[in-house]
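Can you build the whole structure from these sequences, using the hints too?
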Amino acid sequence: MTKRAQWYLRWYPRVWRERYGDEFTAHMESELLEHPSVPSRTLNIVLHGVLTRVSLQRALRRAIEATLAAAITTAVVLAIVAAQHVAPALSLTSGYGGGSGSVGIPTTASQVTDLSFTFTSKSRVSIRITSISLEGLPGLATPLVVGVDLERRPSELADMGGWPIVPPKGSFITAKELVPAINRTVTLAHGNTFWVGLRTPKVGSAYVINGLVVTYVHLGSTHTVVLDHAGFPDEICVVPNGSKLSQQPCARQLALAAGEAFYAHSALSSSPLVREALAVGSAATNFAFYNHRGATISDLRSWSARLFPARSARGVLSVTVLNDRQHLWAFEMKGAAKYAFERVCTTPGLYSSAPNEILTPPTRAACPAPASS
Amino acid sequence: MKKTNDVTASSRNAGVVYLILSSLADGEKHGYALTKDVEKFAGVRIAPGSLYEALARLEAQGLIEPVASSDRKRPYRITATGAKTLSEYVTAQERFIVEARRRLQRSRRFA
Numbered sequence: 001m002t003k004r005a006q007w008y009l010r011w012y013p014r015v016w017r018e019r020y021g022d023e024f025t026a027h028m029e030s031e032l033l034e035h036p037s038v039p040s041r042t043l044n045i046v047l048h049g050v051l052t053r054v055s056l057q058r059a060l061r062r063a064i065e066a067t068l069a070a071a072i073t074t075a076v077v078l079a080i081v082a083a084q085h086v087a088p089a090l091s092l093t094s095g096y097g098g099g100s101g102s103v104g105i106p107t108t109a110s111q112v113t114d115l116s117f118t119f120t121s122k123s124r125v126s127i128r129i130t131s132i133s134l135e136g137l138p139g140l141a142t143p144l145v146v147g148v149d150l151e152r153r154p155s156e157l158a159d160m161g162g163w164p165i166v167p168p169k170g171s172f173i174t175a176k177e178l179v180p181a182i183n184r185t186v187t188l189a190h191g192n193t194f195w196v197g198l199r200t201p202k203v204g205s206a207y208v209i210n211g212l213v214v215t216y217v218h219l220g221s222t223h224t225v226v227l228d229h230a231g232f233p234d235e236i237c238v239v240p241n242g243s244k245l246s247q248q249p250c251a252r253q254l255a256l257a258a259g260e261a262f263y264a265h266s267a268l269s270s271s272p273l274v275r276e277a278l279a280v281g282s283a284a285t286n287f288a289f290y291n292h293r294g295a296t297i298s299d300l301r302s303w304s305a306r307l308f309p310a311r312s313a314r315g316v317l318s319v320t321v322l323n324d325r326q327h328l329w330a331f332e333m334k335g336a337a338k339y340a341f342e343r344v345c346t347t348p349g350l351y352s353s354a355p356n357e358i359l360t361p362p363t364r365a366a367c368p369a370p371a372s373s
Numbered sequence: 001m002k003k004t005n006d007v008t009a010s011s012r013n014a015g016v017v018y019l020i021l022s023s024l025a026d027g028e029k030h031g032y033a034l035t036k037d038v039e040k041f042a043g044v045r046i047a048p049g050s051l052y053e054a055l056a057r058l059e060a061q062g063l064i065e066p067v068a069s070s071d072r073k074r075p076y077r078i079t080a081t082g083a084k085t086l087s088e089y090v091t092a093q094e095r096f097i098v099e100a101r102r103r104l105q106r107s108r109r110f111a
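Chains as they are written, first to last, in my numbering: chain A, 1 to 373; chain B, 1 to 111.
By construction, these hints were calculated from the structure, which means they are not laboratory data.
The reader is advised that the hints may include incorrect statements.
Only some residues are given here: those of chain B computed to face chain A with a beta carbon under 7 Å [said to hold, decoys possible]:
{"hint": "1", "residue": "G31"}
{"hint": "2", "residue": "Y32"}
{"hint": "3", "residue": "A33"}
{"hint": "4", "residue": "D37"}
{"hint": "5", "residue": "A47"}
{"hint": "6", "residue": "G49"}
{"hint": "7", "residue": "Y52"}
{"hint": "8", "residue": "R57"}
{"hint": "9", "residue": "K73"}
{"hint": "10", "residue": "R74"}
The beta carbon of each residue, even a glycine, is placed where N, CA and C say it ideally should be.
Here it is, written out as structure tokens:
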């Protein structure tokens, strides 16, 4: 009887047997004495024995799954918490050592121009640059980027003339010191230079670059920084192939770009009216430089309207040319309570200007004698 | 198995757990004695596989508890929670029986 009882017991898992084995065996011994053979009883015990094995395994599996799920959730939470505490973005500062931008580059539609952007960084830090794009100005075209190289030093050279960059003979840099910058991990030095290849396909257009937008990954976090040339935009004028390379065809657009950039970066005065006057004056000055002649009143009014479309809301009334025959002219932008004006003095082919002044009331002043060219 | 009357028919429909609780409400018993008692008052024979599965479930739910014994046949007794559970079940069954009889008496087919 005991052997038969133990046969029934073996259908159950070890864990169950340890708990109920003795009493089950004793129960079965009594059952078998009373009813030696009951097929339905056999079926009942076998079925429950197998189901108990399955349910215990399921319970064990559920316990393991729950433990794993808890462990994975904890790991994810810890990773998110750790990511929040990653070091902040690197300080990539434009214009190492006073590096300046390239202003008013004449080019043709078939030529690829290159520009350099110097910047400072923490030395020996590694970043992966994922994208570089250009920041333009409203209403003006932005060039297409054809390539970006990194030079791990502050480059003193102006544009190298085309893409890919080919350092001129005798220059202090070699081609191997220029590494492609996009989608690769680079180790920065204290001073670095991005060389950017640019295509400007539209003849007669001025293309403006107000900044280089650099996206990079550092210690697992993605950051974006804008490098510029101390607030001065780079301007490219596209002339027809075979013509003289000159910024003159783009004078009006370049003047507008100069006014936009000047207004955006000016902090000379907290008065909006004065800043507007200085911005229009900057446009007029640049126009005279590129075009070799002074701006007309309609030019000034056009730039004023483009730069400050809401000026009427601020009470600015008019732009007036005082005297353009002697290449001396001033314009006046009146405010509601007070007025200010910008005075510009130009001569053909040369650039000079009197210091910006705010005069009340406006007066005429002599233009300095042109310097011999 | 004996033929059953109306009472045992309703008892057979009761779950194994309530049969066990009912048996233990009358005093602690081991497994084999349980099956004999249930068979006697309810006309239902609980197979060993079903019995021990129910005992494990009832013990896990705190409705019964094992009694220390030197005998291999371990007795069980109903807990206070088990008694309360059984009482609630019986009350519900009594309401059901009263309503069922009332409706039967209302019905001409079965009056």
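**Prompt:** Going back to the hint list, which numbers does this structure go against?
**Reply:** 3, 4 and 8
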